[in-house]
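Participant: Take a look at the letters that make up each chain.
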Amino acid sequence: KAGVTQTPRYLIKTRGQQVTLSCSPISGHRSVSWYQQTPGQGLQFLFEYFSETQRNKGNFPGRFSGRQFSNSRSEMNVSTLELGDSALYLCASSFDPGESYEQYFGPGTRLTVT
Amino acid sequence: AQSVTQLDSQVPVFEEAPVELRCNYSSSVSVYLFWYVQYPNQGLQLLLKYLSGSTLVKGINGFEAEFNKSQTSFHLRKPSVHISDTAEYFCAVIHNNAGNMLTFGGGTRLMVKP
Chain F
1 KAGVTQTPRY
11 LIKTRGQQVT
21 LSCSPISGHR
31 SVSWYQQTPG
41 QGLQFLFEYF
51 SETQRNKGNF
61 PGRFSGRQFS
71 NSRSEMNVST
81 LELGDSALYL
91 CASSFDPGES
101 YEQYFGPGTR
111 LTVT
Chain X
1001 AQSVTQLDSQ
1011 VPVFEEAPVE
1021 LRCNYSSSVS
1031 VYLFWYVQYP
1041 NQGLQLLLKY
1051 LSGSTLVKGI
1061 NGFEAEFNKS
1071 QTSFHLRKPS
1081 VHISDTAEYF
1091 CAVIHNNAGN
1101 MLTFGGGTRL
1111 MVKP
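These protein sequence lines map, in sequence, to chains F and X.
Everything in the first sequence is counted per this note's numbering, starting at 1 for the first residue and increasing by one.
Everything in the second sequence is counted per this note's numbering, starting at 1001 for the first residue and increasing by one.
Just so you know, these hints were derived from the structure itself, not from any lab.
Heads up, a few of these hints could be off.
Unchecked claim - Each pair of labels, with its calculated beta carbon distance range:
#	chain 1	residue 1	chain 2	residue 2	range
1	F	LEU83	X	SER1054	35 to 41 Å
2	F	LYS57	X	VAL1029	16 to 22 Å
3	X	ASN1041	F	THR53	41 to 47 Å
4	X	SER1030	F	LYS57	17 to 23 Å
5	F	THR112	X	GLN1071	22 to 28 Å
6	F	GLN41	X	ASN1041	15 to 21 Å
7	F	LYS57	X	ASN1068	43 to 49 Å
8	X	LEU1056	F	ASN71	36 to 42 Å
Said to hold, decoys possible - If you want the footprint, here are the derived chain F segments under chain X, 3+ residues with CB under 8 Å:
#	region
9	33 to 47
10	78 to 87
Built from N, CA and C at the ideal position, the CB exists for glycine as well.
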């Protein structure tokens, strides 16, 4: 079974631009979560989607948004990029939240904002 | 609110020696506990989890962890480490009824020396 895939793997953007990151979960998985990883703040939860509905949201500004499609693929968008948005963005999928709690992480998208 | 503290940011150890990575959490409600490993330029991989039952949990790659409710700890151990265990290790919790929202500790870098 293919793992979680994230595209693109690397991205360089300029301050003020916007960016869209994509995540394809493991086949059959219906829950997708997003995390931001930075050296200063560590791993922080962004949001979780299940069956196209946002179930949980972390403490991030409204510039960070996401969505999930009917095939469970998910995208996250960051508008008006700031230097501090430079990070590794990780996506994780699971079959059904609240059961095994086993999440499978993708390799991440490394975003650099200049 | 819940938080996770990993007491050591770096742990150097010689190959074939035992190791313990410490994790303490604070939460006013029940939590589920996890250890993840991250190799360079990769996503996170689940090592083991505690949801309920036996407080000694065995995971992959010879790792185990013990849940201690009175000390709110979930320390990770391995009796004999290998060079290939060199990686970053993250302790994490999920609050009961919080879906898949993981709260991570700051991470411990395990450095195995020959």
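Participant: Hint by hint, say whether it matches the structure.
Facilitator: Hints, verified against the model:
no.	hint	in the structure
1	F:LEU83 with X:SER1054: 35 to 41 Å	47 Å, violated
2	F:LYS57 with X:VAL1029: 16 to 22 Å	19 Å, holds
3	X:ASN1041 with F:THR53: 41 to 47 Å	32 Å, violated
4	X:SER1030 with F:LYS57: 17 to 23 Å	22 Å, holds
5	F:THR112 with X:GLN1071: 22 to 28 Å	41 Å, violated
6	F:GLN41 with X:ASN1041: 15 to 21 Å	20 Å, holds
7	F:LYS57 with X:ASN1068: 43 to 49 Å	32 Å, violated
8	X:LEU1056 with F:ASN71: 36 to 42 Å	40 Å, holds
9	33 to 47	holds (count 6)
10	78 to 87	violated (count 0)
Checked against the numbered hints above, the structure breaks hints 1, 3, 5, 7, 10 and satisfies the rest.
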